[in-house]
Amino acid sequence: MIILSINGRRFELDIEPETPMLWVLRDEIGFTGTKFGCGAGLCGACTIHVDGAAVRSCQLAAGDAAGKAIVTIEGLGAERLHAVQRAWIEHDVPQCGYCQSGQIMAAASLIAGKPDPTDADIDAEMTNICRCGTYPRIRAAVRRAAELART
Amino acid sequence: MDALLTRRRFVVAGVSAAGGLAISVASPALAGAITKAPWGDDAPRGQRDEVNAFVAVEADNRVVIRVAKSEMGQGVMTSLAMIVAEELECRLDDVQVEYASPHRNLIDGAPYGRMGTGGSSSVRRSREALQQAGASARARLIAAAARRWDIAPAACVARDGAVWREPSAQKFSYGELAAEAATIALDAEPAIKTPDRFKLIGTAVKRFDTPVKVTGEAQFGIDTRLPGMVYAAVAQCPVFGGKLAGYDESAIRGRRGFLAVVPVEGGVAVVADRFWRAREALAALPIRWDFGAAATADSETFRAEYKAALRGPMVNAVARGDGAGRFAGAARVVEAVYEAPHLAHAPMEPLNATAHWRPDRIDVWMGTQFPEDAIQLAASVGGVDPKNVYLHNAFLGGGFGRRAVNDELRQAVQISRALGKPVKLIWTREEDIQHDRYRPQAAIAMRAALGADGLPTALDFKTAVGSITRSLGWGKVENGVEPSAVEGLANVPYKVEALNVDVRLKNTHVPVMFWRSVGSSQNAFAVESFIDELAHAAGKDAYAFRRALLADRSDFLNVLDTLAKKGEWGRRMPAGSAQGIAIHESFGTIVGEIVEVTVRAGGEVKVDRVVACVDCGHVVNPLHVAMQIESGVMYGLTAALFGQITIRDGRVEQSNFHDYEIARMADAPAIETHLALSGGGKWGGIGEPGTPPIAPAIANAVFAATGKRIRSLPLKNTSLGA
Numbered sequence: 021m022i023i024l025s026i027n028g029r030r031f032e033l034d035i036e037p038e039t040p041m042l043w044v045l046r047d048e049i050g051f052t053g054t055k056f057g058c059g060a061g062l063c064g065a066c067t068i069h070v071d072g073a074a075v076r077s078c079q080l081a082a083g084d085a086a087g088k089a090i091v092t093i094e095g096l097g098a099e100r101l102h103a104v105q106r107a108w109i110e111h112d113v114p115q116c117g118y119c120q121s122g123q124i125m126a127a128a129s130l131i132a133g134k135p136d137p138t139d140a141d142i143d144a145e146m147t148n149i150c151r152c153g154t155y156p157r158i159r160a161a162v163r164r165a166a167e168l169a170r171t
Numbered sequence: 023m024d025a026l027l028t029r030r031r032f033v034v035a036g037v038s039a040a041g042g043l044a045i046s047v048a049s050p051a052l053a054g055a056i057t058k059a060p061w062g063d064d065a066p067r068g069q070r071d072e073v074n075a076f077v078a079v080e081a082d083n084r085v086v087i088r089v090a091k092s093e094m095g096q097g098v099m100t101s102l103a104m105i106v107a108e109e110l111e112c113r114l115d116d117v118q119v120e121y122a123s124p125h126r127n128l129i130d131g132a133p134y135g136r137m138g139t140g141g142s143s144s145v146r147r148s149r150e151a152l153q154q155a156g157a158s159a160r161a162r163l164i165a166a167a168a169r170r171w172d173i174a175p176a177a178c179v180a181r182d183g184a185v186w187r188e189p190s191a192q193k194f195s196y197g198e199l200a201a202e203a204a205t206i207a208l209d210a211e212p213a214i215k216t217p218d219r220f221k222l223i224g225t226a227v228k229r230f231d232t233p234v235k236v237t238g239e240a241q242f243g244i245d246t247r248l249p250g251m252v253y254a255a256v257a258q259c260p261v262f263g264g265k266l267a268g269y270d271e272s273a274i275r276g277r278r279g280f281l282a283v284v285p286v287e288g289g290v291a292v293v294a295d296r297f298w299r300a301r302e303a304l305a306a307l308p309i310r311w312d313f314g315a316a317a318t319a320d321s322e323t324f325r326a327e328y329k330a331a332l333r334g335p336m337v338n339a340v341a342r343g344d345g346a347g348r349f350a351g352a353a354r355v356v357e358a359v360y361e362a363p364h365l366a367h368a369p370m371e372p373l374n375a376t377a378h379w380r381p382d383r384i385d386v387w388m389g390t391q392f393p394e395d396a397i398q399l400a401a402s403v404g405g406v407d408p409k410n411v412y413l414h415n416a417f418l419g420g421g422f423g424r425r426a427v428n429d430e431l432r433q434a435v436q437i438s439r440a441l442g443k444p445v446k447l448i449w450t451r452e453e454d455i456q457h458d459r460y461r462p463q464a465a466i467a468m469r470a471a472l473g474a475d476g477l478p479t480a481l482d483f484k485t486a487v488g489s490i491t492r493s494l495g496w497g498k499v500e501n502g503v504e505p506s507a508v509e510g511l512a513n514v515p516y517k518v519e520a521l522n523v524d525v526r527l528k529n530t531h532v533p534v535m536f537w538r539s540v541g542s543s544q545n546a547f548a549v550e551s552f553i554d555e556l557a558h559a560a561g562k563d564a565y566a567f568r569r570a571l572l573a574d575r576s577d578f579l580n581v582l583d584t585l586a587k588k589g590e591w592g593r594r595m596p597a598g599s600a601q602g603i604a605i606h607e608s609f610g611t612i613v614g615e616i617v618e619v620t621v622r623a624g625g626e627v628k629v630d631r632v633v634a635c636v637d638c639g640h641v642v643n644p645l646h647v648a649m650q651i652e653s654g655v656m657y658g659l660t661a662a663l664f665g666q667i668t669i670r671d672g673r674v675e676q677s678n679f680h681d682y683e684i685a686r687m688a689d690a691p692a693i694e695t696h697l698a699l700s701g702g703g704k705w706g707g708i709g710e711p712g713t714p715p716i717a718p719a720i721a722n723a724v725f726a727a728t729g730k731r732i733r734s735l736p737l738k739n740t741s742l743g744a
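In the order they appear, the protein sequences are chains Y and F. The first sequence begins at 21 in my numbering and counts up one residue at a time. The second sequence begins at 23 in my numbering and counts up one residue at a time.
Among these hints, one or two may not hold up.
[Stated by the list, open to error] Some, not all, of what chain Y presents toward chain F, calculated at C-beta under 10 Å:
1) Glu36
2) Glu38
3) Arg46
4) Phe51
5) Ala65
6) Val70
7) Gln105
8) Asp112
9) Cys116
10) Gln120
11) Thr138
12) Thr147
13) Asn148
14) Thr154
15) Tyr155
16) Arg159
Hint data in this document are derived by calculation from the structure and do not stem from the laboratory. All values derive from a computational prediction rather than experimental measurement. Even for Gly, the Cβ is constructed at its ideal location relative to N, Cα and C.
In isolation and in its complexed conformation, chain Y is listed as follows (with noise of 0.2 Å):
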């Protein structure tokens, strides 16, 4: 059995210690905003977030995420729509849509950790691929939700 956290919520599985988290929150839970790209750590749609830091949940294993805190996309706004989403939503961010809650995972860590980045936090930290080019509104996005997350 494997105990994990995850939005707040606690969940016993019965599976492989080796299955990565994308797939144990997909397919075990049901919690299919977390989506698979490339299985390979390398688009960041899989973006979730481990004791607050962005992390490509294709590239972690069940076993070594139980005992933290694990939000998702479905956990990140629950209450309220985030700062980030609100942004998003004023920015007109997605397109297809599928990138972009990896993209907000990822906004909203970075974000967290720079309360006012630069284009250059940006650049190094926004990494994930979207294949409809949103990058231009994610950036302006990113600054907009710091504005809101700071007032």
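Given the structure of chain Y, go ahead and fit chain F onto it with the hints provided.
Just chain F now, with coordinates in the frame of chain Y:
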């Protein structure tokens, strides 16, 4: 449920807060306008309070508008609904959008026309029908109200989701009238609005699908979960055209969750109770392939063959004017050969399909650009009448042409039929990169006869490229000229006395297909780079040179002049930086782009800024236009800088995003979009036309910065270091 309601309230608050900040007019209708699962009701006509196939009005006044195109990021679920709402005179607050049912289209006389999404055609090809559907619904709602009041319809006014008896304040809401309106036959269909009367079309309404796409709720095909569903991972023969020769199931039989090995089209699938277990078992399954005849093919050989084909027999596509005479009398002849590689689409959502086969019915959940073709394919593979196939189209996690055929569905139906269970099949990214249907490789020879003034008098283009029609098995190509192979060449806008375009369609074992902007994706690179070469040969400014050749194209000139102004053409650039320009018409839309690049000391190219100017005739939603130009630019920028699929030993060498590189945030330029609309009867597409100009604009800027002419993509293959 409480959380959901809370969330919706905040979405609304977020939107109104945004009104003054974003470029958009605040759209009132965000929250709940699209539910997380976009597929619509398959019920046949008359089952709901529908006024016609596109419009149903619920008793609570919600106006359900059905969109018969696939939402893959281009915004059709908003823009097409706006077109209906323009005529319907309903409030956007009340609008709920869902997909039209492809099942109903099949059994009910095709009320939605053709439902395929591609060729940047959704607005162009369905605008009039959608306006008519909205106008017709409005006229019947008015007729129903007039009947109740026993007055002439002309004395009634439709506004804000109700019919009013003016000048009194009496009204009937659409919800009250819908059932009756549905029974009314009009003597004549009402005329649709001309563009000068549009109130909603042309405004920047925010997308209806944004709220469900920032919460992770939006349902993509890959998110499908069904009771009793099992999962499949597939391995396809590494060499295209090869066959499965055998496998040793005993090696994986005892694994946890393992259910079955099922041979499928192109390869073999492992089925398990979870996808991860299926994928791990597949990796452990010994598979033998018969690679077939193509196992020695490679890209360098293809490259040589395509270039050699340029010197061999060709089929003529355009022969205008006395080319031979112009070349014979030319003051100077300029020649260059351009090359473009195979490209993968790589949508962010890997291909997947969930199929539930039963002897008398098939249900499918997936994201497809062509749901009607998907129904026919599932029916044929599953041995079920197409009328008993139900296709629940989801949001598409990117399309770009890849979801135009349904390779993944064929396999999913095969597996579900073999096991008698609902199956979700997912391709890994490696399967996606290595088993795409690629943008064709091409070699394009350009030749120009220049007069004494340096302007061309004759152009001669020859292209050797794979045929998409043949590759898809859609039959032979009429006269050996495939329109997409010569798009951008045959319709080159520059005025010359003679134009000749020849084509040689030449396929290899590598499957090819439509890739965002199709033939224009490689042909614009050749034409717009070559024009730049001619300008330099003439010692003329690249913008002024184009202007001189476009003197009788006021639409092109308008775009070009606006572009030069907005893009500050000719401004002083720092050392190592330069501007480049390109303009191209595709899918009925002219797009010009000016880029500013910096070539760093190591030779790395950074695109700093892109200014685009667009003439798509009319605009449904300027926000969508800007977003699609940004998207088209980034898609083409990735290809120009990094994109190439190469073949060795018959198979694709790249496998994931480490070696099929995609532009990321740090590579992204600032992008501005401006409009220079010619209006009139022109309605151009917008999903693709932003892509073709970016590669030549970048290459031209790199030439301006370094003096090195890029004639083969991607740029990363050319050493630009000092």
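Checked hints:
{"no.": "1", "hint": "Glu36", "verdict": "7 Å, holds"}
{"no.": "2", "hint": "Glu38", "verdict": "9 Å, holds"}
{"no.": "3", "hint": "Arg46", "verdict": "8 Å, holds"}
{"no.": "4", "hint": "Phe51", "verdict": "8 Å, holds"}
{"no.": "5", "hint": "Ala65", "verdict": "6 Å, holds"}
{"no.": "6", "hint": "Val70", "verdict": "17 Å, violated"}
{"no.": "7", "hint": "Gln105", "verdict": "4 Å, holds"}
{"no.": "8", "hint": "Asp112", "verdict": "6 Å, holds"}
{"no.": "9", "hint": "Cys116", "verdict": "3 Å, holds"}
{"no.": "10", "hint": "Gln120", "verdict": "6 Å, holds"}
{"no.": "11", "hint": "Thr138", "verdict": "13 Å, violated"}
{"no.": "12", "hint": "Thr147", "verdict": "6 Å, holds"}
{"no.": "13", "hint": "Asn148", "verdict": "8 Å, holds"}
{"no.": "14", "hint": "Thr154", "verdict": "7 Å, holds"}
{"no.": "15", "hint": "Tyr155", "verdict": "4 Å, holds"}
{"no.": "16", "hint": "Arg159", "verdict": "7 Å, holds"}
The structure fails to meet hints 6 and 11 from the earlier list, while all remaining hints are met.
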